[in-house]
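Chains as they are written, first to last, in our numbering: chain W, 1479 to 1619; chain D, 1479 to 1619; chain V, 1479 to 1619; chain L, 1479 to 1619.
In short, the hints are calculated from the structure, not lab data.
Treat each hint with caution, since some may be false.
If chains are identical, the list can't say which one is meant, so a pair holds when it fits in one copy or spans any two.
As the list claims (entries may be wrong) - Below, in silico cross-link-like pairs of lysine to any residue (SDA-like), each with a Cα-Cα straight-line distance of 20 angstroms or less:
1. Lys1601 with Glu1542
2. Lys1604 with Arg1494
3. Lys1604 with Thr1488
4. Lys1484 with Arg1556
5. Lys1604 with Glu1490
6. Lys1601 with Gly1502
Each chain is listed here by its residues.
Number of protein chains: 4
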Amino acid sequence: MPPTDKTIATTEFYVRYAETDAMGIVHHASYIVWLEEARSHFARTLGGDYADFERAGYGLSVIEVHIQYRAPSRYGDRVAVHCWVEDVKSRAMSFGYEVTLVPGGALCASATTRHMCITRDGKPAKIPDEWRRRWGLDAAD
Amino acid sequence: MPPTDKTIATTEFYVRYAETDAMGIVHHASYIVWLEEARSHFARTLGGDYADFERAGYGLSVIEVHIQYRAPSRYGDRVAVHCWVEDVKSRAMSFGYEVTLVPGGALCASATTRHMCITRDGKPAKIPDEWRRRWGLDAAD
Amino acid sequence: MPPTDKTIATTEFYVRYAETDAMGIVHHASYIVWLEEARSHFARTLGGDYADFERAGYGLSVIEVHIQYRAPSRYGDRVAVHCWVEDVKSRAMSFGYEVTLVPGGALCASATTRHMCITRDGKPAKIPDEWRRRWGLDAAD
Amino acid sequence: MPPTDKTIATTEFYVRYAETDAMGIVHHASYIVWLEEARSHFARTLGGDYADFERAGYGLSVIEVHIQYRAPSRYGDRVAVHCWVEDVKSRAMSFGYEVTLVPGGALCASATTRHMCITRDGKPAKIPDEWRRRWGLDAAD
């Protein structure tokens, strides 16, 4: 279950046919792309687009992905990805996720990703205060 | 411009970061996936899910894709894919598409795809009457 | 059949599981990625890596893809992509392709792609003489 | 470093342009596809193609992926994926991986994946003895 004491951003979409594989289910790498889209949605929802973060000269480099697949999803399914901030440090942060079916809420996958804040030339950097505020990161500390 | 005398189904979504490439724009193969999702949306909108079409034992095999790229789209952009039935034959059909930016409507790509109706074992088959009716294909003849 | 009067670069690889879809065959968008890898291989084979072309400040933007799918390929198959220069203009060029099974040579797809030479800021540019020479483009005129 | 007491299968290939993203580096989800291709290569190398495993009515469902990204790879790079069996149980097994640059051997990513043996209808099953032998799994116990 997503945590009850954190801001959860949920994005919903239909499984795309291209995301399936010859087992007849969604390919496991497609979920990684969904997690990323959920982060984008989280940022948009909180009022600080990741595209603007990049235009400001920063990036959140993915340094770790840990995902557990619980049940398959298929073409024709509508899925929800629930995303929240799991942990924040000066230069790094992590997100938690659950991927569920809509309707019903059956759990397909749960995951965490860790990220390093970097400048455009790839150097580690502090997450700028303005963006900590926009994304509600201080509250998550 | 999409045709004015045909049913247009339009699906909208944000560009996903994974869909971009090192040129900083959306990779050209990502559009092919968008066209497919637009076909799915077309079928859902008209009341005949493609997932149900498959469960009924049929498929629409892609036999040709022709796409012209007019202007790049980028992460952070919201895009619309407009999709309509271009032509219908007994065992084959083709779709037309335009990919545009939202808002503004700038044209990113225009495309057509051709499809052969097949059974589960890959044999060509007539598009079943029930599905021609659901998807409004007779009107498109 | 690939043309007999042109330089053909052929790259071979195994189908990746992720490239398949729920129809049990390779998804049609995967071929678009294969064509691109065939272009990369063409450039490497002729002694002018596309990565160096980009480092020199240029790109070959994809402006058109036309592909016809003839027969499916599947996970477990080894495929060959044959690539040649179809046409060269001052600022544009096109490639031709055939995707075949190995062994046997059954034709899976045939395609052409058109490209515009651009500078790093996206402006159309003449294909530099050095690169025309490296890629044998003058002979293709 | 890959373990010295286990069979390591190493597959090498060039980064595909489509695998990069707007950060100018390989997108993190592309590595997940590379791990899978490394498993395919492992199976081919040991004489038991995964495609044959599927034709025999089995699958190795991915139930967990854990990957740590150490340094970026880019278009133009040649990468090696080293793959070995980390652990084997009656119905499950896990693989270990390292993704490195060629030449030089700089470490880009290290990962483990866990898999459940399933039948065609998705039910958990013992890994068949014949396949344990082909893949050298008993030695890995």
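Each hint, compared with the structure:
1. Proximity of Lys1601 and Glu1542 under a CA criterion of 20 angstroms is satisfied intra-copy only: 17 angstroms inside one chain copy versus 30 angstroms between copies.
2. Within a single copy, Lys1604 and Arg1494 get their C-alpha atoms no closer than 37 angstroms, and across copies no closer than 25 angstroms, so neither meets the 20 angstroms cut-off.
3. Within a single copy, Lys1604 and Thr1488 get their C-alpha atoms no closer than 27 angstroms, and across copies no closer than 38 angstroms, so neither meets the 20 angstroms cut-off.
4. Taking CA atoms no more than 20 angstroms apart as the test, Lys1484 paired with Arg1556 passes in neither setting, with 24 angstroms inside one copy and 28 angstroms between copies.
5. In this assembly of identical chains, the alpha carbons of Lys1604 and Glu1490 never lie at most 20 angstroms apart, being 31 angstroms within a copy and 35 angstroms across copies at closest.
6. Taking the closest pair of Cα atoms, Lys1601 and Gly1502 come within 20 angstroms of each other only across two copies (14 angstroms); inside a single copy the shortest separation is 41 angstroms, beyond that limit.
The structure shown violates the earlier hints numbered 2, 3, 4 and 5.
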